[in-house]
Amino acid sequence: MPAGNEPPAAVPASPFGQPVPGSVPVAAPMAAAGTGAMAALPTPSGGIPMPMTVAPQIPGVPVLPAQARPGISADPEWFRTAVFYEALLRSFADSDGDGIGDLRGLISRLDYLAWLGVDCVWIPPFYPSPIRDGGYDISDYTAIDPRYGTMEDFRELVHQAHQRGIRIVIDMVVNHTSDAHPWFQASRSDPEGPYGDFYVWADDDSGYDDARIIFVDTEESNWAYDVERGQFYWHRFFSHQPDLNYRNPAVIEAIHDVIRFWARTGVDGFRLDAIPYLTESEGTNCENLPGTHEIIAGIREMLDREFPGTITLAEANQWPDDVVEYFGTEEAPECTMCFHFPVMPRIFYALRQGSAEAIRWVLEKTPDIPAHGQWGTFLRNHDELTLEMVTDAERDQMYAWYAPEERMRANIGIRRRLAPLLDASRSEVELAYALLLSLPGSPCLYYGDEIGMGENIWLEDRDAVRTPMQWDDSPNMGFSTVVDPGALTLPLIQAPGYAHLTVATEMARPDSLLQFTRRILHLRRAHPVLGRGNFLLRPTSDDAVLAHTRCDEAPVEGAETLLCVSNLSATPGR
Numbered sequence: 001m002p003a004g005n006e007p008p009a010a011v012p013a014s015p016f017g018q019p020v021p022g023s024v025p026v027a028a029p030m031a032a033a034g035t036g037a038m039a040a041l042p043t044p045s046g047g048i049p050m051p052m053t054v055a056p057q058i059p060g061v062p063v064l065p066a067q068a069r070p071g072i073s074a075d076p077e078w079f080r081t082a083v084f085y086e087a088l089l090r091s092f093a094d095s096d097g098d099g100i101g102d103l104r105g106l107i108s109r110l111d112y113l114a115w116l117g118v119d120c121v122w123i124p125p126f127y128p129s130p131i132r133d134g135g136y137d138i139s140d141y142t143a144i145d146p147r148y149g150t151m152e153d154f155r156e157l158v159h160q161a162h163q164r165g166i167r168i169v170i171d172m173v174v175n176h177t178s179d180a181h182p183w184f185q186a187s188r189s190d191p192e193g194p195y196g197d198f199y200v201w202a203d204d205d206s207g208y209d210d211a212r213i214i215f216v217d218t219e220e221s222n223w224a225y226d227v228e229r230g231q232f233y234w235h236r237f238f239s240h241q242p243d244l245n246y247r248n249p250a251v252i253e254a255i256h257d258v259i260r261f262w263a264r265t266g267v268d269g270f271r272l273d274a275i276p277y278l279t280e281s282e283g284t285n286c287e288n289l290p291g292t293h294e295i296i297a298g299i300r301e302m303l304d305r306e307f308p309g310t311i312t313l314a315e316a317n318q319w320p321d322d323v324v325e326y327f328g329t330e331e332a333p334e335c336t337m338c339f340h341f342p343v344m345p346r347i348f349y350a351l352r353q354g355s356a357e358a359i360r361w362v363l364e365k366t367p368d369i370p371a372h373g374q375w376g377t378f379l380r381n382h383d384e385l386t387l388e389m390v391t392d393a394e395r396d397q398m399y400a401w402y403a404p405e406e407r408m409r410a411n412i413g414i415r416r417r418l419a420p421l422l423d424a425s426r427s428e429v430e431l432a433y434a435l436l437l438s439l440p441g442s443p444c445l446y447y448g449d450e451i452g453m454g455e456n457i458w459l460e461d462r463d464a465v466r467t468p469m470q471w472d473d474s475p476n477m478g479f480s481t482v483v484d485p486g487a488l489t490l491p492l493i494q495a496p497g498y499a500h501l502t503v504a505t506e507m508a509r510p511d512s513l514l515q516f517t518r519r520i521l522h523l524r525r526a527h528p529v530l531g532r533g534n535f536l537l538r539p540t541s542d543d544a545v546l547a548h549t550r551c552d553e554a555p556v557e558g559a560e561t562l563l564c565v566s567n568l569s570a571t572p573g574r
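The sequence shown begins at 1 in full-length UniProt numbering and counts up one residue at a time.
Worth double-checking, as some hints may not be accurate.
[To be verified] Okay, the calculated beta carbon distance ranges per label pair: (1) 559 <-> 98: 46 to 54 Å; (2) 264 <-> 77: 21 to 29 Å; (3) 559 <-> 285: 42 to 50 Å.
Calculated from the structure, these hints are not laboratory results.
Computed from a prediction, not measured in an experiment: that's the story for all the values here.
By construction, the Cβ of each residue, glycine as well, lies at the ideal position given by its N, Cα and C atoms.
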């Protein structure tokens, strides 16, 4: 089987050197308003100790001096204007030459992230795990997988990030564990013991039959039989990921203790994975139940009491009416932020339809949220581009546009990266970023998308979009010094038009996608109204044009109003 998939026919030899001929660079005015390539960042001055750098420094990226006080924790609203960046640890940077990205590798690239304009790094699971689901199958909640480093490395990462004004948010998988977790092993072997009721067990598999199966490609039931215990256990995801039993108060306290453990390391927040499925009830779809909201509110109450200022970010792939409930209320808050899943596929739908109607429609259907809350927005992440929150007709059309080959699909979604999805159309990628940074919420970028990285759809499942970061043209693209390419965590991208794209190459070109991304991120930073301001759709005479304003509420100092106009068509709009 080929090491890399064939690129789309429309991909030119150098995808992001210039806009595709004949396209309309509708986002260009926003880009042009940004700062110069590197003018905004300070350079080290004499007498200031340099931060630890594991990998060679990236040419052109200044090493930022230590700040007098790490972080900007005095601003409780920092998340509203922040740009988040998902760095998949095992694929980001390898510091010790074993072919696997690690904590010290990430530390060595913090200066690059600061240069880019990142305010917060989201790190997916780095805990000990069988790695049967990208680390979301955790076998020990309070340790670092040795492949990624040590607890000392993690504390150093938090410290070094804070020195640069970058915050750290980590994944907390609260719905399930790996079946290799000691809790589950004790539960299956000793039903009457202290862990016997830590999971959802039943004598048969007839319960909760109104709950949908999420991983339809691999799972036939939400129940799995355990030979040792002689009972079935409940799992909403893979059968090797048994769900925790939140009817047991001991489970709630155990998860609180896990969160306390990591909060003490100084992290700035937690992404709460898969939270709609925490509790079950007969006759329901076992999603978004009142008991689930009580659990999330309890986590928030504990954090506010013991670690004030720590944020929580909900991953709830649900309709906005349901997701908004995870913000809680002003009297009983739950999550600080929630990802807005339904808006994401409609950005892609609108780009191919040549109409802003799909985006306008979902924004009009999005309810108001409590004053303490903020949406999180994204274009791509480590999972498939989920199509669960679109109609059947929209899903079929999205597959036809973006995933005509069966192997491009996974579960109910598309396992492709941003640039290949858009056929490496520079104007469309720029427009997608302009929308991401101007719509309500705080944006989250996925590692590598800032340089237009490709995909490998010959890899299994979602690994297609989890390949090593491409730093330079040295062996292994600067990701690792390992001699054997077979030792890499995943194969490098080999597809023509994408294999040569690197951070170093694009840093040297003022017209590159990387430089555009940096300019637009710094433009957003210069206009905090894009993160904190009110959002109002504006009427247009052309369905292809989306117009909206972001407006500060008086009496904010430096209040401003911005008009954002996007043309979803390939022809000039009005």
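Right, here's what the structure says about each hint:
Evaluation of the 46 to 54 Å hint for residue 559 and residue 98 yields a pass: the beta carbon distance comes to about 52 Å. At roughly 24 Å, the beta carbons of residue 264 and residue 77 sit within the given window of 21 to 29 Å. The beta-carbon spacing between residue 559 and residue 285, approximately 44 Å, falls within the hinted interval of 42 to 50 Å.
When each numbered hint is compared with the structure, no violation occurs for any of them.
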